[in-house]
Amino acid sequence: MSSREADRLSAAQQTLDLLHDISQLLGTQLDKETLATCVSMIESGANPEALAAVIQELRRERTSINAQSPANGR
Amino acid sequence: MPPVNETLESLVLSLVPKTRTDESLKRQLVAHSIDILNSHIGQSRETDIGHLADLVKRYLSQSSPSGASSLKFTNLLSRLLDQPVLSRKHAALLFLYSLASTSQPSTTPTFLPSLAPPPPQRPNLSPLNPSNPLPDSNPPRGKSKADLLREYRVRTGRPQLPEHLLLRDTLYLLQGISGKYVRFVPAKDPDKEKQIVFVDDPKYVIPTPTKSLIHRLSEVGHLYTRVEALVRDREGRPGVGMIEQSLCHYLQTQLTQYYRLIAILESQMASSLSPVSDDPSSNLENATVEESGLTLRRLDVWISDWRLRMRMMSACVEGARDAHGGALVNLIHGYTDNGDPFVRHFTDQLLEEVSKPFFATLHRWIFSGELYDPYSEFFVAVDPELAHMSYVASGGGQLSGDGGFAGGNDDITGEREGGLRLWEAKYKFEREMLPAFVGEAFGRKIFSTGKSLNFIRYSCHDSDWVVTREKLANTGGTLKYSDISGLERSIDHAYQIASQRLFDVFIEKFRLLDHLRALKHYLLLGYGDFADQLMETLGPSLARPANTLYRHNLTATLETAIRSSSAQNDPVDVLRRLDARMLEYSHGEIGWDVFTLEYKVDAPIDTVLDPDSMMKYLKLFNHLWKMRRVERTLNKGWMRIAGGSKSFFQVPELNYEWHQIRVVQAEMIHFIRQMQAYCELEVMECSWQVLADFVEKKEGDLDALIEAHRSYLDRMVKKVLLLSPKVGREENLLNQVRELFATILQFREATDNFYNYCLSESARRDAQRDTQRGVYTTFEHGSDPSSLEGLAPILHRIKEYGASFSERAQAIVQGLQSHADLDCRFLGIRLSFSDFYRTKKEQHQAQSHQRS
Numbered sequence: 000m001s002s003r004e005a006d007r008l009s010a011a012q013q014t015l016d017l018l019h020d021i022s023q024l025l026g027t028q029l030d031k032e033t034l035a036t037c038v039s040m041i042e043s044g045a046n047p048e049a050l051a052a053v054i055q056e057l058r059r060e061r062t063s064i065n066a067q068s069p070a071n072g073r
Numbered sequence: 000m001p002p003v004n005e006t007l008e009s010l011v012l013s014l015v016p017k018t019r020t021d022e023s024l025k026r027q028l029v030a031h032s033i034d035i036l037n038s039h040i041g042q043s044r045e046t047d048i049g050h051l052a053d054l055v056k057r058y059l060s061q062s063s064p065s066g067a068s069s070l071k072f073t074n075l076l077s078r079l080l081d082q083p084v085l086s087r088k089h090a091a092l093l094f095l096y097s098l099a100s101t102s103q104p105s106t107t108p109t110f111l112p113s114l115a116p117p118p119p120q121r122p123n124l125s126p127l128n129p130s131n132p133l134p135d136s137n138p139p140r141g142k143s144k145a146d147l148l149r150e151y152r153v154r155t156g157r158p159q160l161p162e163h164l165l166l167r168d169t170l171y172l173l174q175g176i177s178g179k180y181v182r183f184v185p186a187k188d189p190d191k192e193k194q195i196v197f198v199d200d201p202k203y204v205i206p207t208p209t210k211s212l213i214h215r216l217s218e219v220g221h222l223y224t225r226v227e228a229l230v231r232d233r234e235g236r237p238g239v240g241m242i243e244q245s246l247c248h249y250l251q252t253q254l255t256q257y258y259r260l261i262a263i264l265e266s267q268m269a270s271s272l273s274p275v276s277d278d279p280s281s282n283l284e285n286a287t288v289e290e291s292g293l294t295l296r297r298l299d300v301w302i303s304d305w306r307l308r309m310r311m312m313s314a315c316v317e318g319a320r321d322a323h324g325g326a327l328v329n330l331i332h333g334y335t336d337n338g339d340p341f342v343r344h345f346t347d348q349l350l351e352e353v354s355k356p357f358f359a360t361l362h363r364w365i366f367s368g369e370l371y372d373p374y375s376e377f378f379v380a381v382d383p384e385l386a387h388m389s390y391v392a393s394g395g396g397q398l399s400g401d402g403g404f405a406g407g408n409d410d411i412t413g414e415r416e417g418g419l420r421l422w423e424a425k426y427k428f429e430r431e432m433l434p435a436f437v438g439e440a441f442g443r444k445i446f447s448t449g450k451s452l453n454f455i456r457y458s459c460h461d462s463d464w465v466v467t468r469e470k471l472a473n474t475g476g477t478l479k480y481s482d483i484s485g486l487e488r489s490i491d492h493a494y495q496i497a498s499q500r501l502f503d504v505f506i507e508k509f510r511l512l513d514h515l516r517a518l519k520h521y522l523l524l525g526y527g528d529f530a531d532q533l534m535e536t537l538g539p540s541l542a543r544p545a546n547t548l549y550r551h552n553l554t555a556t557l558e559t560a561i562r563s564s565s566a567q568n569d570p571v572d573v574l575r576r577l578d579a580r581m582l583e584y585s586h587g588e589i590g591w592d593v594f595t596l597e598y599k600v601d602a603p604i605d606t607v608l609d610p611d612s613m614m615k616y617l618k619l620f621n622h623l624w625k626m627r628r629v630e631r632t633l634n635k636g637w638m639r640i641a642g643g644s645k646s647f648f649q650v651p652e653l654n655y656e657w658h659q660i661r662v663v664q665a666e667m668i669h670f671i672r673q674m675q676a677y678c679e680l681e682v683m684e685c686s687w688q689v690l691a692d693f694v695e696k697k698e699g700d701l702d703a704l705i706e707a708h709r710s711y712l713d714r715m716v717k718k719v720l721l722l723s724p725k726v727g728r729e730e731n732l733l734n735q736v737r738e739l740f741a742t743i744l745q746f747r748e749a750t751d752n753f754y755n756y757c758l759s760e761s762a763r764r765d766a767q768r769d770t771q772r773g774v775y776t777t778f779e780h781g782s783d784p785s786s787l788e789g790l791a792p793i794l795h796r797i798k799e800y801g802a803s804f805s806e807r808a809q810a811i812v813q814g815l816q817s818h819a820d821l822d823c824r825f826l827g828i829r830l831s832f833s834d835f836y837r838t839k840k841e842q843h844q845a846q847s848h849q850r851s
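Here the protein sequences line up with chains A and B, keeping their order. Note that the first sequence covers residues 0 to 73 in numbering that gives the first Met the number 0. Note that the second sequence covers residues 0 to 851 in numbering that gives the first Met the number 0.
If we strip away everything but chain A, and leave its shape as in the complex, we get (with noise of 0.2 angstroms):
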């Protein structure tokens, strides 16, 4: 059983990790955890271009809150 579960941890390395690759080659800049985060709730029904958009969001708002950082913190 436990050679098995460590196959499948193997796998989903693996996998994981050519994810990664494209990810990097496709030049969507997410690390490997957010990358793993995303694909898990892919595979649990989301919508992957929602998905995307809301990457797409998430990182306007960080944008926008550093741009205002500065300007609050001075």
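Treat the hints with care, as some may be off.
[As the list claims (entries may be wrong)] A few chain A residues facing chain B, derived, Cβ under 8 angstroms:
(1) S2
(2) Q13
(3) T14
(4) T27
(5) E32
(6) I41
(7) A45
(8) V53
(9) A66
[To be verified] Result set (DSS-like, lysine-lysine): computed pairs, CA atoms no more than 30 angstroms apart in a straight line:
(10) B:K599 - B:K725
(11) B:K725 - A:K31
(12) B:K427 - B:K725
(13) A:K31 - B:K71
(14) B:K17 - A:K31
(15) B:K17 - B:K56
(16) B:K519 - B:K599
(17) B:K725 - B:K840
(18) A:K31 - B:K427
None of these hints come from the bench; they were simulated from the model. Ideal Cβ placement from N, Cα and C applies to all residues, glycine included.
For chain A, the structure is supplied; the task is to place chain B on it using the hints.
For chain B alone, coordinates are given in the frame of chain A:
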């Protein structure tokens, strides 16, 4: 669902570090993210990983022109596909791809959220926009060309007219109403169509493609106004034909459907407009609007079906303007052969509807013989004068049939007009009104069926039969356009029954055959004993001038002749109709010239025996009667000569003359006998046989019967009267024959004179001998010289008439030999049997040669 929430939360935390401290921001972002996730962005894509891979490769080759990265991607992808872990590799890939493509804003989005291109005036594509405080012109978001153009327009001060305004106008246009920005302008020239004009608005411009689109759409509106105008026009007008009414009805139902469509479109438009104005923040709804809302292009798609339909309807409307009734049906039928199944289907439906009144009329026509066609749309037209006459004529016919034997002449001639004319002219067949799907031959059949029924009903007083038939036929179901074969069957059936019945009525109820036979017996002198008897009794009085003859005497003589011949066995109804009268005579004519027999017919028999044929019968009678007279005269003369031969021997020096006379008389008798035999055996009996065969078969309708009788009569007239087909010289031979008859009569008269002379001469000689013997007799006047004086002119006349007969007979024989008709030619051969006349002619010529 909590797991999604949690993962989302972790995502938010990792991506936006600030949320780790700011709880409210985190919650807000998470909620927003869930909203996005639940939205319908980019759903319903095909899940073809190959296609996606292609997209990715294209993207990669765009970003890095060297093929290395794309190759690497292919490699990675194949390895990924080998991995068993992920169940939604496609989705994952799609996620990455969309992320990559949207993170590079300068590239145009490959997946447009809506199939239709976005209307130019829509504020922004991005669903994030409403809640996003950033303006459109934010640097990270690049601008599409359309955006640039729009901005340019805004700068120039004349932005494009918002589509929803145009949409509203277009919907108005579809209903034939002018809108605010686009309107219909009636052309100055009334022949031309209305035009579409775009109102110039200083604030807005309408782009050219949109204009042409609206132009296309407005065609439907234009057609609609035309169709609607017709329907309106016909609605209010009196005297619109049934077929047109049903066309209008059909158009009306079609228009109702059209209204329904317009209403749906309008509600669509309303729903597409409302969210924009009501709730600008609900971006998700905006996205659905893009899916379901109404745009000009979508409208075009929606309407395209109707455009065809409207065109068809409009074509029908155009046709309805100058076509009428059956012709209109024909026009529509012309479209059923269209190759386009849509058009064909539409026309079939239309025809089914439009032809309903036609079939209703047809039903009444072929099953009850009634023409119910208030707007004269059926292909059978009634003559308005005769339509009324059917009742009058039949009523009158009945009367004169009962007691009209001695009725006034006026009444009878008035009656005579009925019959055939009623049958032939009461209903007319109008070819241009005949629907094409029926076919001409069939139309004739229908026409004949109805006519027969009508005739049976009104002219033959047999309406009970028609009514029962109608009831029987009604159970058979209705006639329809879609059931042409059934229609043909039922028409065939009805036709057969109707003609059969009409035949039966004529032959059994009205005893047509009896009448025809009577005509043959009396007018064509078929009853020899009757004719002889009549001639015997009438002879003396006919020799008198015509103005001393009286009708009552004639009829009385006729009665006697009937009583004393086998004619008395004929039915009373037939004898009752027989009448003797005089033709109109002029001064100097004698009874022989004007006497005629007459046979009276009344309705409905006079349909077959119409006045024209009666005239022909009279003509035939006249000729045959003359022939009979000549024959009788010759017979009597021969008998007299044969009987008197004893007395001639008292005058032996005239024996040679008598011989000559007998030779000529024998020639005459031969001539007249051949002539009679020809007329009776070869012409009349043969023609009668043909007619009898036809009647026996009982085929065809009344028209065929009339035709058969007519050809029977024509054949007789042509052959008995030896009419030649040459125009202008038809009666040449007939006139010659008549002259010949006259010559024979004159000859007979001359021989009578000669006979009388001989008689008196022999009496004189007897007296002489008596005185020689010393017997006293009272006979003393009439001395030799005077009697010899009288002899020369008599002999001269006899010779002259004999020669002229021979000449005429020769001419007739010659004429007959070159006659077009074979029977007549044979007559010529019989008359000049063994080339009698030719050798005679040759002898004559030789003689004249010798003399000269």
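How the hints compare with the structure:
1. The closest approach between the C-beta of A:S2 and any C-beta of chain B is roughly 16 angstroms, which is over the 8 angstroms cut-off, so the hint fails.
2. Annotation: interface hint on A:Q13 holds; nearest CB of chain B at approximately 6 angstroms, less than 8 angstroms.
3. Against a cut-off of 8 angstroms between C-beta atoms, the interface hint on A:T14 holds, since the closest Cβ of chain B lies about 4 angstroms away.
4. Hint status for A:T27 relative to chain B: holds, with the closest Cβ pair at about 5 angstroms, below 8 angstroms.
5. Annotation: interface hint on A:E32 holds; nearest CB of chain B at approximately 6 angstroms, less than 8 angstroms.
6. Below 8 angstroms, beta-carbon pairs count as interface contacts, and A:I41 has one with chain B at about 5 angstroms; its hint therefore holds.
7. The beta carbon of A:A45 comes within 6 angstroms of a beta carbon in chain B, closer than 8 angstroms, and the hint placing it at the interface holds.
8. Because the smallest distance between the Cβ of A:V53 and any Cβ of chain B comes to about 4 angstroms, under 8 angstroms, the interface hint for this residue holds.
9. Hint status for A:A66: violated, given a least beta-carbon distance of 10 angstroms to chain B, over 8 angstroms.
10. Distance hint between B:K599 and B:K725 is unfulfilled; the C-alpha atoms sit about 33 angstroms from each other, more than 30 angstroms.
11. About 118 angstroms separates the Cα atoms of B:K725 and A:K31, which puts this hinted pair outside 30 angstroms; it is violated.
12. As the CA atoms of B:K427 and B:K725 are separated by approximately 33 angstroms, the hinted pair breaks the 30 angstroms bound.
13. Taking the CA atoms of A:K31 and B:K71, the gap is about 19 angstroms. The hint holds against a cut of 30 angstroms.
14. A distance of roughly 20 angstroms separates the Cα atoms of B:K17 and A:K31; the hinted pair therefore holds under the 30 angstroms criterion.
15. At most 30 angstroms may separate the alpha-carbon atoms for a hinted pair to count; B:K17 and B:K56 exceed this at roughly 36 angstroms.
16. Taken as a hint, the B:K519 and B:K599 pair is honoured in the structure, with Cα atoms around 13 angstroms apart against an allowance of 30 angstroms.
17. In summary, the hint linking B:K725 to B:K840 is supported, as the alpha carbons are separated by about 26 angstroms, within the 30 angstroms threshold.
18. The suggested pairing of A:K31 with B:K427 is violated, with an alpha-carbon distance near 97 angstroms, which exceeds 30 angstroms.
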